[in-house]
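Working from the sequences, and respecting the hints, build out all of it.
If you read the protein sequences in the order shown, they are chains A and B.
If you read the first sequence in our numbering, its first letter stands for residue 1, the second for the next number, and so on.
If you read the second sequence in our numbering, its first letter stands for residue 1001, the second for the next number, and so on.
The hints are simulated quantities; they were obtained by calculation from the structure and are not laboratory data.
Just so it is clear, CB atoms sit at the ideal spot from N, CA and C, and this is done for glycine as well.
Among these hints, one or two may not hold up.
Interface residues of chain A toward chain B, partial, derived using beta-carbon atoms under 7 Å [as the list claims (entries may be wrong)]:
| hint | residue |
| --- | --- |
| 1 | Arg13 |
| 2 | Ala30 |
| 3 | Glu47 |
| 4 | Cys50 |
| 5 | Tyr105 |
| 6 | Glu132 |
| 7 | Val169 |
| 8 | Gln188 |
| 9 | Val207 |
| 10 | His209 |
Below, simulated DSSO-like cross-link-like pairs (lysine-lysine); rule was C-alpha separation at most 30 Å, straight line [what the hints assert, rightly or not]:
| hint | chain 1 | residue 1 | chain 2 | residue 2 |
| --- | --- | --- | --- | --- |
| 11 | B | Lys1276 | B | Lys1314 |
| 12 | B | Lys1273 | A | Lys42 |
| 13 | B | Lys1076 | B | Lys1121 |
| 14 | B | Lys1273 | B | Lys1314 |
| 15 | A | Lys42 | B | Lys1276 |
| 16 | A | Lys42 | B | Lys1314 |
| 17 | B | Lys1121 | B | Lys1142 |
| 18 | B | Lys1142 | B | Lys1080 |
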Amino acid sequence: MWSQRFHEELPERGAGPEIGDYAGLPVNDAARLRADSWDAAKWTIPERQCEPHPADYAPRGPANLRIGNTVDPISQDVVSWDITVMWSLTHRAIYMDGRPHPSQYAQHSWQGFSTGEWDGDMLKVTTTHLKEAWVRRNGLPRSDRATIVEYWIRNEDYLTLVTIVIDPVYLTEPFVRTSDWVLDPGVQLSPFSCIPAVEIERPRGAVPHHLPGTNTFLTEYATRHGLPQSAARGGAATMYPDYLPELRRDIEALR
Amino acid sequence: MIRARVSLVLALNAALAAATSMAAEDELEVLPVQGNVYMIAGAGGNTTVQIGPEAVVVVDTKTAAVADRLIAAIRKLSSKPIRHIVVTSADADHTGGNERVSSAGTYVRLLDTFDPRGANKNASIIAHVNVLQRMSAPSGTKAPTPAGAWPSDTYFTNDWALFVNDEAIELVHIPAAHTDGDTMAFFRRSDVISTGDIFSTTGYPRFDPEHGGSVAGILDGLNRILEIAIPGENQTGGTAIIPGHGRISDETEVANYRDMVTIVRDRVAALIKAGKTLEQVQSARPSSDYDGIYAGLGGPTPTEFVAAIYRDLKGTKQ
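Next comes the structure, spelled out in structure tokens:
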């Protein structure tokens, strides 16, 4: 059992990131348009209410972990590392037996299909067959074409996960995040059951979204924090230290 | 430099994946779905196969070129007679194997003297009556498809049903969607919906007013699927969906597709309301945030998809 430590994850918790905050993320114009069109009321639609976090975002959610394994009953070789995450009790199997990834016609899932191999003391995991999901909970998408590469690293009682998202549809560069846990044998995972229901009466097939140019919430984040709007729009350039002089110049210009 | 290398690797990976995918598309691949239902993918539209102690039910028969391979794949699943073929639309990539698959099957008949099917012992081909209209032609004119491929049993209401292999199969007609003759098949015990081309994971929907299709009908069909489908615990699993093209799905993929069609339609409608011409609407690229998912895999191009919505909403033909 592993207890989550919120460090860089904290902005993703509670109400989550602010609308229009794409800063420091390697998103492209297609991702920006998806996020600009996103309406938080989406989560009230019955088909959306019980969606769990996907494998690449689950570490940012309430994410105490249970990690076990399945072994071959004869050889005792590890067939899979099995990970259950607290939020939505999502279950992942990371197959270690060399099986291939499924065909292009196989069903995708929230956790995808994962295979692992040891790279020194690190467990390297490659995941495909993911459902479309999100990079952040403010509408920034991650497509179903994405591949995730992870490194699970244990140092005594500390566990670090490096998650690298490679998405040819919505990201221009691999997106790297890390998450941390502490060994905690006393942690329990609570039951988690979600049954969708109609919460707001709407016309059949209604889909909450903003038409281009009509989302008045998009500028609030940059305005509230005294940032230039261009910084809030993100993009790979905003990830690197080279961007700081430009950012400082633009902030000065705002004053 | 590192960024340039990463971009090059991504580009090479994408090119390799595309080449592998194209090579694999002509291969037939059998995948278990759930319950008694299987999907045979590749070479045309998806084929759905239900097996059991009585017979085999087939939904869609791909292209004529792969009919023998399709029959061989079905035979690996079951040696029982192919009794019914359900056709989701008149499209050639869904009906091309009708004649061969039907003649490889056997229909349980009344006495010859009473059976309205005459001497035809082949598996029945079931479709909405508008599919028969599209595949046949009035006497004295040349039909677009051979008579052996035509539906032998048609319905004209909004639904029909079969009971085969201890399972109820609901046939749901969606008027004016992909075409005017669309049928979806819902296998109730297996909890699988075979949607035909109302839903795809590999392309934008194709709807042509000249074949009786409409964007409103596509959305009606997608919303109908969402009404029938029930997700599993925490939106995982539950009703399985077999699209006309692409991979096995569930309610979430259909909701994603419904959302995409709705949002692009609303954007096009707003541009029409602002007085934009078709060219101006296309230049605005109202589907650009979805093109990376749905364009370039054999369906309509973004330009074609946007034009189809525009013409449909404006009530104009190409």
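A quick look at each hint next to the structure:
no.	hint	in the structure
1	Arg13	violated, 19 Å
2	Ala30	holds, 4 Å
3	Glu47	holds, 4 Å
4	Cys50	holds, 4 Å
5	Tyr105	holds, 4 Å
6	Glu132	holds, 6 Å
7	Val169	holds, 4 Å
8	Gln188	violated, 18 Å
9	Val207	holds, 4 Å
10	His209	holds, 5 Å
11	B/Lys1276 / B/Lys1314	holds, 11 Å
12	B/Lys1273 / A/Lys42	holds, 25 Å
13	B/Lys1076 / B/Lys1121	holds, 23 Å
14	B/Lys1273 / B/Lys1314	holds, 10 Å
15	A/Lys42 / B/Lys1276	holds, 29 Å
16	A/Lys42 / B/Lys1314	holds, 28 Å
17	B/Lys1121 / B/Lys1142	holds, 25 Å
18	B/Lys1142 / B/Lys1080	violated, 35 Å
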